[in-house]
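Peer 1: Let's have the full structure, built from the sequences with the hints guiding it.
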Amino acid sequence: MNKKILLTLLGIAALSLAACGGSEATKPGVEDKSVGADAAGTGAGTGVNGQALDAAGKADLLAKRRVYFTFDSSAVDEENRAIVEAHAAYLAANKNVKVVFEGHADERGSREYNLALGERRAQAVERMVKVLGVTQDRIKTVTYGEEKPVAMDHNEGAWALNRRVEIIY
Amino acid sequence: MKAVKYLMRIFLTAVLVGHASLASAILTIEITQGVDGGLPVAIVPFGGAGKERPPQDVAAVVEADLARSGRFTPLDKKYFVSRPTDDKQVVFKDWRIVKAEALVIGSVKPVAQGRWQVEFRLYDVYKEKQLAGYSYVVAGDRLRAVAHQISDIIYEKLTGEQGVFSTRIAYVIRESAGKRFSYKLQIADSDGYNPVTVLSSAEPLMSPAWAPDGTRLAYVSFEQRRPVLYMQNVVTGSRSRIAEFNGINSAPAWSPDGTKLALTLSRDGNPEIYMMRLSDKSLTRLTKHPAIDTEPTWSPDGKEIAFTSDRGGRPQIYRMRADGGNVQRVTFEGEYNARASYSADGKMLTLVSGAQGRYHAALLHLQSAVLQVLTDTPLDESPSFAPNGRMILYATDRGGRGVLASVSSDGRVRQLLKLQEGDVREPAWSPFNRSTINQGVSP
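Order-wise, the sequence lines are chains A and B.
Going letter by letter, the first sequence gives residues 1 to 169 in my numbering.
Going letter by letter, the second sequence gives residues 170 to 612 in my numbering.
Hints in this document: simulated from the structure, not taken from any laboratory.
It should be emphasised that the depicted structure is a prediction, and the values quoted were computed from it without experimental measurement.
A virtual CB, placed ideally from N, CA and C, is assigned to each residue, including glycine.
Please note: incorrect hints may appear among the correct ones.
[As the list claims (entries may be wrong)] Example chain A residues on the side facing chain B (calculated, C-beta under 7 Å, incomplete):
(1) G109
(2) S110
(3) E112
[As the list claims (entries may be wrong)] Negatives, chain B to chain A, calculated, CB over 12 Å:
(4) T201
(5) R222
(6) K247
(7) R265
(8) A281
(9) Y295
(10) G302
(11) S304
(12) Y352
(13) T366
(14) P425
(15) R446
(16) G482
(17) F501
(18) Q536
(19) D545
Peer 2: Spelled out as structure tokens, the structure:
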């Protein structure tokens with residue numbers, strides 16, 4: 001069991017480095033808001049998640065089913081990246097499990113643009129877990145845009161909770 | 170087997186089509202900013218005959234219509250010197266005294282079997298001349314419709330432009346249903362009366378768009394737990410899926426001739442604008458860009474499509490030829506510009522413009538590129554023009570609830586359309602063409 005976790009962790013470390021490199025190389029830098037490309041503070045390629053994925057933290061991370069974003073962005077920051085990677089590790093180890101990434105936006109701006117933004121966020125998470133070894137046939141992405149908020153207030157606190165990808169499996 | 174399962178799923182998501190019920194919730198209109206200097210009009214209470222009173226006060230509906238337009242100032246009846254109800258009783262001097270420029274008189278009289286005869290006349294007080302005069306015989310439940318027709322005639326005679334009082338608005342209402350929400354697509358008269366629910370769903374509804382002939386709505390429904398595009402005939406109640414590809418199927422916009430839809434699909438990986446020929450559902454992809462491209466809108470001549478794209482880093486409005494060529498950015502002011510919609514003359518776009526975290530309904534004058542912010546509320550969405558271009562209807566937030574609001578395109582007159590409860594959003598003003606809304610066909 002320990003051996004399996006170790007192998008998975010090694011896999012994650014290697015693949016997340018590959019992810020950053022790959023994503024930067026294939027996307028035009030100027031408008032790409034996807035994972036790793038314009039995310040100041042993700043510490044791209046700096047061994048991101050070593051501490052976050054230690055044995056004690058792993059269960060906590062798996063209990064977190066929501067990944068949060070800043071306004072009009074689909075960049076996954078370091079803290080949220082650790083959550084995605086913990087789920088990716090679980091999914092890589094449990095090949096019968098299928099996952100849905102459900103992208104959401106806050107209420108500001110236009111509904112149709114937010115629908116597209118929700119999809120972009122779900123795809124950002126999808127790309128991360130694929131790089132970490134979860135195959136496409138086990139992943140579905142869907143966007144609800146701003147249509148399904150979890151926090152009903154109209155302030156920054158609520159908006160921050162609503163800009164999210166839900167990891168459902 | 171698969172088909173059965175599929176049908177079951179549709180059934181279980183509890184979508185009710187054609188179960189159109191007269192909703193009790195009526196939008197009430199509150200004029201939040203009026204204007205001085207409207208044309209002074211005297212509207213005399215309509216006469217009747219016998220003891221039977223009509224179920225609608227036709228003159229009151231006409232007066233409210235004209236006041237709401239912002240272009241007329243109905244005069245206070247307490248200053249009226251006389252109260253004529255037919256042509257022979259009109260003394261023009263009485264109306265010059267109260268400084269009325271136009272005079273409206275009329276009567277509503279019962280005829281056989283619950284039907285009513287409505288007569289009205291419109292006069293130019295200074296030229297002492299009748300400008301219009303019509304007579305209608307209708308059932309009691311059509312009296313409001315007749316009143317709106319009268320308002321349209323008065324508006325057109327006095328301004329030279331077509332009125333929009335007989336048009337309708339479509340919108341989405343979200344209501345609490347226990348811990349969850351329910352969603353309704355409704356159509357109401359332009360003054361919020363006679364709302365009819367044309368679709369109920371347990372999942373969100375978005376982006377209703379009227380066909381130019383006023384008989385069909387295209388919209389997005391999440392009843393399959395993802396955004397799928399539907400079309401519904403509001404006359405027959407019949408409904409069909411028109412785009413259900415992988416990813417996003419949304420942002421429908423009818424071409425002015427009604428033969429094509431511009432729409433957003435992300436089936437190729439990211440949102441792109443496509444054109445669908447409705448006769449055979451064939452698709453032509455119009456944009457090719459890794460950014461988000463969405464919210465297409467046709468110019469009234471059908472030659473151009475404006476759309477939202479974040480290809481420059483943030484969402485801004487671009488336009489292109491209807492075949493996808495010659496893409497040009499049109500908004501440069503403001504951090505965030507989205508959801509554009511053309512005016513009937515093609516000279517302006519109304520859009521959502523955001524800066525410093527506040528999102529307002531705004532007007533872009535295409536020739537001068539001047540962006541005019543029309544509102545001061547921070548969460549405005551989905552603005553669209555009335556078919557005569559004089560008003561802009563949009564969704565906003567009032568006290569934590571979604572409401573509809575309208576603003577005259579010169580920014581001077583503002584109104585709020587409120588519901589007793591629930592959130593209202595996604596308003597779409599119908600074209601001039603008016604059809605009878607279906608109230609009871611099952612799929």
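Peer 1: Next, verify each hint and record whether it holds.
Peer 2: Here is how each hint holds up against the structure:
no., hint, in the structure
1, G109, "6 Å, holds"
2, S110, "4 Å, holds"
3, E112, "5 Å, holds"
4, T201, "19 Å, holds"
5, R222, "45 Å, holds"
6, K247, "43 Å, holds"
7, R265, "51 Å, holds"
8, A281, "50 Å, holds"
9, Y295, "48 Å, holds"
10, G302, "46 Å, holds"
11, S304, "46 Å, holds"
12, Y352, "9 Å, violated"
13, T366, "19 Å, holds"
14, P425, "20 Å, holds"
15, R446, "22 Å, holds"
16, G482, "6 Å, violated"
17, F501, "16 Å, holds"
18, Q536, "24 Å, holds"
19, D545, "16 Å, holds"
Figure legend: structure checked against the earlier numbered hints; hints not met, in rising order: 12, 16.
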